[in-house]
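**Q** Take a look at the letters that make up each chain.
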Amino acid sequence: MNSSTSVPARTVLTAANLVKVYGGKTRALAGVDLALQSGESVAIMGASGSGKTTLLHALAGIIVPDGGRVSFAGPVGPVEVSALNERDRARLRRESFGFVFQQGLLVPELTALENVALPMMLAGYPRPESEAHARRWLDALGLPGLGDRRIGELSGGQAQRVAIARAQVTGASIIFADEPTGALDSQTSADVMDALLHSTVGQGHTLVVVTHDREVAARCDRTIHLRDGRVHTASGEPVPAAAAPGFEFVGEGWDRSAETNR
Amino acid sequence: MSAPTTLPTAFPAPPAAPRRRHVPIRRLTWMLARPGTQSPATLVLPAVAFGVTSALIITVIGGTSMFWRIPGQDGGIYRVLSVLALALLLVPLLGLGAAAARLSARRRDDRLASLRLLGATGADVIRITVLESTVVALVGAVGGALLSLAISPLVGLIPFLGGPIGAAELWIGIWPMLGVIAAVTALATVSSVVGLRRVVISPLGVRTRQRKAFPHWARPLIALAVIAMLGTALQGIGALQSELGLVLAIGGAFAVGLAVLGLLGPWLIAVWARLQVRRARTVPRLLAARAVLDDSGAVWRQVGGVAMTSFVAVVAGSGIGLLLAIDTSQSDDLGTLPGDIFTGIVVTLIASFLMVAVSVGVNQAAAVLDRRDITVSLDRLGMPREMIEAARARQAIAPVLLVAVTAAIIGGVLVLPLAGMTLLLSPSTLLVVFGSIALGIGLVWLAVRATTPVQRAVLAHPERA
Ligand SMILES: Nc1ncnc2c1ncn2[C@@H]1O[C@H](COP(=O)(O)OP(=O)(O)OP(=O)(O)O)[C@@H](O)[C@H]1O
Ligand SMILES: [Mg+2]
Chain B
9 MNSSTSVPAR
19 TVLTAANLVK
29 VYGGKTRALA
39 GVDLALQSGE
49 SVAIMGASGS
59 GKTTLLHALA
69 GIIVPDGGRV
79 SFAGPVGPVE
89 VSALNERDRA
99 RLRRESFGFV
109 FQQGLLVPEL
119 TALENVALPM
129 MLAGYPRPES
139 EAHARRWLDA
149 LGLPGLGDRR
159 IGELSGGQAQ
169 RVAIARAQVT
179 GASIIFADEP
189 TGALDSQTSA
199 DVMDALLHST
209 VGQGHTLVVV
219 THDREVAARC
229 DRTIHLRDGR
239 VHTASGEPVP
249 AAAAPGFEFV
259 GEGWDRSAET
269 NR
Chain E
11 MSAPTTLPTA
21 FPAPPAAPRR
31 RHVPIRRLTW
41 MLARPGTQSP
51 ATLVLPAVAF
61 GVTSALIITV
71 IGGTSMFWRI
81 PGQDGGIYRV
91 LSVLALALLL
101 VPLLGLGAAA
111 ARLSARRRDD
121 RLASLRLLGA
131 TGADVIRITV
141 LESTVVALVG
151 AVGGALLSLA
161 ISPLVGLIPF
171 LGGPIGAAEL
181 WIGIWPMLGV
191 IAAVTALATV
201 SSVVGLRRVV
211 ISPLGVRTRQ
221 RKAFPHWARP
231 LIALAVIAML
241 GTALQGIGAL
251 QSELGLVLAI
261 GGAFAVGLAV
271 LGLLGPWLIA
281 VWARLQVRRA
291 RTVPRLLAAR
301 AVLDDSGAVW
311 RQVGGVAMTS
321 FVAVVAGSGI
331 GLLLAIDTSQ
341 SDDLGTLPGD
351 IFTGIVVTLI
361 ASFLMVAVSV
371 GVNQAAAVLD
381 RRDITVSLDR
391 LGMPREMIEA
401 ARARQAIAPV
411 LLVAVTAAII
421 GGVLVLPLAG
431 MTLLLSPSTL
441 LVVFGSIALG
451 IGLVWLAVRA
461 TTPVQRAVLA
471 HPERA
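Residue numbers (this note's numbering), protein chains in the order written: chain B, 9 to 270; chain E, 11 to 475.
Don't read these hints as lab results, they were simulated from the structure. Because the structure is a prediction, the values reported are computed rather than measured. Glycine included, C-beta positions come from ideal geometry on N, C-alpha and C. One should not assume that every hint holds.
Going by beta-carbon spacing under 8 angstroms, a handful of chain E positions derived as facing chain B [stated by the list, open to error]:
1) L296
2) A301
3) D304
4) G392
5) I419
6) I420
Using 25 angstroms as the maximum straight-line C-alpha spacing, the simulated SDA-like pairs for lysine to any residue come out as follows [as the list claims (entries may be wrong)]:
7) K33/B - H471/E
8) K33/B - L469/E
9) K33/B - A467/E
10) K33/B - A470/E
11) K33/B - G160/B
12) K33/B - V87/B
13) K33/B - R235/B
14) K33/B - D236/B
15) K33/B - H240/B
16) K33/B - H233/B
17) K33/B - A55/B
18) K33/B - V239/B
Calculated Cβ distances over 10 angstroms to all of chain B for the following chain E residues [to be verified]:
19) V90
20) T131
21) V135
22) I136
23) I175
24) G189
25) V200
26) R229
27) R291
28) R300
29) A326
30) A335
31) P394
32) S438
33) V464
Make a model of the complete structure from these sequences and hints.
**A** Now the structure itself:
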């Protein structure tokens with residue numbers, strides 16, 4: 009059975025009173041508090057310009073907030089993300105976080121396989137091992153045989169699966185996704201969410217999704233609504249990992265090796 | 011046309027359509043180009059590129075035309091040699107001009123595509139961009155003309171005919187100078203029209219990038235066939251007695267040589283890049299090799315300019331070196347000719363590298379801006395910035411190294427006995443040739459380094475991508 013059921017939920021990331029001001033006047037974040045548990049999926053919703061992307065970037069250590077702090081419960085102890093320098097934040101992103109962006113933002117010259125293998129190579133694994141592992145991930149996400157294609161030769165949904173594989177290949181414990189289904193039709197969007205949820209919370213990892221799509225948000229354990237840089241309403245309670253969605257999202261043709269190949 | 015007055019309307023009727031829709035092209039152009047609306051690099055870079063192109067064109071014209079004023083017996087041979095040097099420099103110079111033109115035309119594509127989406131007509135878009143590219147190129151070209159004057163004392167230090175040539179010899183006259191400015195500006199205008207065709211046809215078309223095909227395997231075969239034919243044709247060269255005949259024969263051989271290189275170059279680069287892709291153990295190596303393999307034709311256009319000059323430098327350098335070695339031992343009646351030929355070879359070699367370095371810099375700056383979102387995404391994944399930078403540098407420098415070294419080796423092998431003797435009798439000449447190639451590669455490295463601030467600016471605001 010799913011390994012996440014045996015691990016008790018713990019807080020993996022906390023944000024306290026996050027503030028981000030752009031250009032001295034735009035308060036993109038005006039004091040956000042948040043705690044993420046292992047094995048849960050959280051949707052962030054809100055109107056355009058409400059600060060969703062800014063919050064995601066601050067949580068992930070892509071930007072440094074002007075006020076407040078972000079703490080990550082790392083494998084070797086707590087890390088204060090917002091106090092790290094650029095180099096250490098890059099390392100943290102590389103080693104502990106995974107990212108899925110709206111357009112995938114995969115490297116166009118590389119093959120799908122090489123794109124997925126890239127984070128592993130960055131982590132110091134030899135190329136053959138990285139590519140073998142990447143291939144297992146592509147297979148697990150329903151893309152067998154597409155490894156040698158270029159990104160331009162994939163459909164939007166396929167490219168997003170490649171991006172999901174890339175985000176997960178090093179075993180990142182938190183995955184940040186900014187409108188991962190924003191450019192997809194509703195059926196493809198549902199498939200991509202299947203893949204995303206399974207490969208993250210399905211393994212006890214944490215998923216944070218910024219989305220405009222109610223259906224996508226409904227698939228997550230809870231939803232945080234932002235308005236003008238503040239948490240307006242938060243629906244649902246932090247779910248203990250034991251109750252995290254496991255296999256009920258299994259779609260057609262899902263390859264369970266995703267759960268066992270790590 | 012006026013709204014019918016008999017209709018009982020509760021709402022104000024729309025104003026009558028203007029007879030001629032007036033789009034304030036000039037105001038709109040200025041508005042879009044104003045500093046602050048976007049990165050100043052989009053305007054400064056093309057201007058600098060056109061400036062350096064103009065300065066180099068004027069300097070090259072000045073340097074070669076000088077030889078046409080040499081009177082007497084020696085004049086003929088100097089004229090032939092100056093035409094050869096000019097021909098050698100034409101390829102890298104055209105590459106540089108094309109890079110500058112492409113940069114200025116391309117920089118605006120994205121924004122103009124959105125202008126088009128906002129409803130500007132195709133003609134408006136063309137007018138705005140053409141006006142802008144033309145003005146930018148004109149400013150750059152005028153700056154380049156001034157730059158050529160500024161550097162002429164330095165270039166004038168190069169010794170020919172037994173002494174420094176002097177800045178005055180490099181002056182090409184006011185009309186030729188205006189001609190260069192006009193030509194460079196026209197190049198920018200034309201290429202911005204051509205570059206824009208795509209945007210006008212499809213607002214979203216600019217973004218779709220397709221994979222280029224691997225260069226055809228028949229290329230090296232055709233090249234070999236052409237070389238064989240050239241060899242037979244050159245057998246008859248002894249029959250040509252007149253200076254004109256000789257120039258035509260050399261010019262023809264030259265053109266064929268360039269055509270052969272154009273066939274072989276992209277193929278060679280692609281084969282090499284494919285090997286590198288397979289061999290790559292690190293991320294920067296893999297990224298660089300893939301990027302080169304992705305468009306070997308474009309890479310060749312960028313760096314091919316040093317192939318012919320490196321080849322000629324080794325072949326002719328070996329011959330001249332030997333001649334110089336013998337010349338000093340016997341009393342001579344060749345005068346300064348052998349020494350001048352050698353100087354000319356080295357100057358041409360370095361000039362070609364300089365042009366390639368500038369076009370590499372221009373292309374890199376454009377690529378950094380074009381690939382901003384990919385770069386930012388790699389940064390977000392936690393790829394160390396030095397590694398992102400290393401991939402970029404490798405991608406630009408490795409092809410130059412490959413092309414220059416391959417051409418030099420082929421040249422050395424072709425004249426192996428000669429090169430061997432020169433190495434023994436006059437090692438310093440070969441040292442100068444190889445030193446110049448090394449210096450040239452250093453120039454390319456500097457050009458890549460010069461674009462690092464652009465890359466840093468992109469990464470300084472990762473949230474904007
Ligand atoms: N780099 C920046 N410089 C200045 N202002 C910025 C910058 N990035 C974001 N902002 C501003 O901060 C606010 C929040 O932006 P953010 O991108 O977080 O919104 P969002 O909720 O993700 O919106 P969307 O749904 O449109 O993606 C907006 O008002 C935006 O204009
Ligand atoms: Mg956003």
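**Q** All the hints need checking, so say for each whether the structure fits it.
**A** Evaluation of the provided hints:
{"no.": "1", "hint": "L296", "result": "holds, 7 angstroms"}
{"no.": "2", "hint": "A301", "result": "holds, 5 angstroms"}
{"no.": "3", "hint": "D304", "result": "holds, 5 angstroms"}
{"no.": "4", "hint": "G392", "result": "holds, 3 angstroms"}
{"no.": "5", "hint": "I419", "result": "violated, 28 angstroms"}
{"no.": "6", "hint": "I420", "result": "violated, 29 angstroms"}
{"no.": "7", "hint": "K33/B - H471/E", "result": "holds, 17 angstroms"}
{"no.": "8", "hint": "K33/B - L469/E", "result": "holds, 23 angstroms"}
{"no.": "9", "hint": "K33/B - A467/E", "result": "holds, 22 angstroms"}
{"no.": "10", "hint": "K33/B - A470/E", "result": "holds, 20 angstroms"}
{"no.": "11", "hint": "K33/B - G160/B", "result": "violated, 40 angstroms"}
{"no.": "12", "hint": "K33/B - V87/B", "result": "violated, 30 angstroms"}
{"no.": "13", "hint": "K33/B - R235/B", "result": "holds, 17 angstroms"}
{"no.": "14", "hint": "K33/B - D236/B", "result": "holds, 13 angstroms"}
{"no.": "15", "hint": "K33/B - H240/B", "result": "holds, 21 angstroms"}
{"no.": "16", "hint": "K33/B - H233/B", "result": "holds, 22 angstroms"}
{"no.": "17", "hint": "K33/B - A55/B", "result": "holds, 19 angstroms"}
{"no.": "18", "hint": "K33/B - V239/B", "result": "holds, 19 angstroms"}
{"no.": "19", "hint": "V90", "result": "holds, 45 angstroms"}
{"no.": "20", "hint": "T131", "result": "holds, 28 angstroms"}
{"no.": "21", "hint": "V135", "result": "holds, 25 angstroms"}
{"no.": "22", "hint": "I136", "result": "holds, 28 angstroms"}
{"no.": "23", "hint": "I175", "result": "holds, 46 angstroms"}
{"no.": "24", "hint": "G189", "result": "holds, 41 angstroms"}
{"no.": "25", "hint": "V200", "result": "holds, 29 angstroms"}
{"no.": "26", "hint": "R229", "result": "holds, 22 angstroms"}
{"no.": "27", "hint": "R291", "result": "violated, 6 angstroms"}
{"no.": "28", "hint": "R300", "result": "violated, 4 angstroms"}
{"no.": "29", "hint": "A326", "result": "holds, 38 angstroms"}
{"no.": "30", "hint": "A335", "result": "holds, 49 angstroms"}
{"no.": "31", "hint": "P394", "result": "violated, 6 angstroms"}
{"no.": "32", "hint": "S438", "result": "holds, 44 angstroms"}
{"no.": "33", "hint": "V464", "result": "holds, 18 angstroms"}
The earlier numbered hints that this structure contradicts are 5, 6, 11, 12, 27, 28 and 31.
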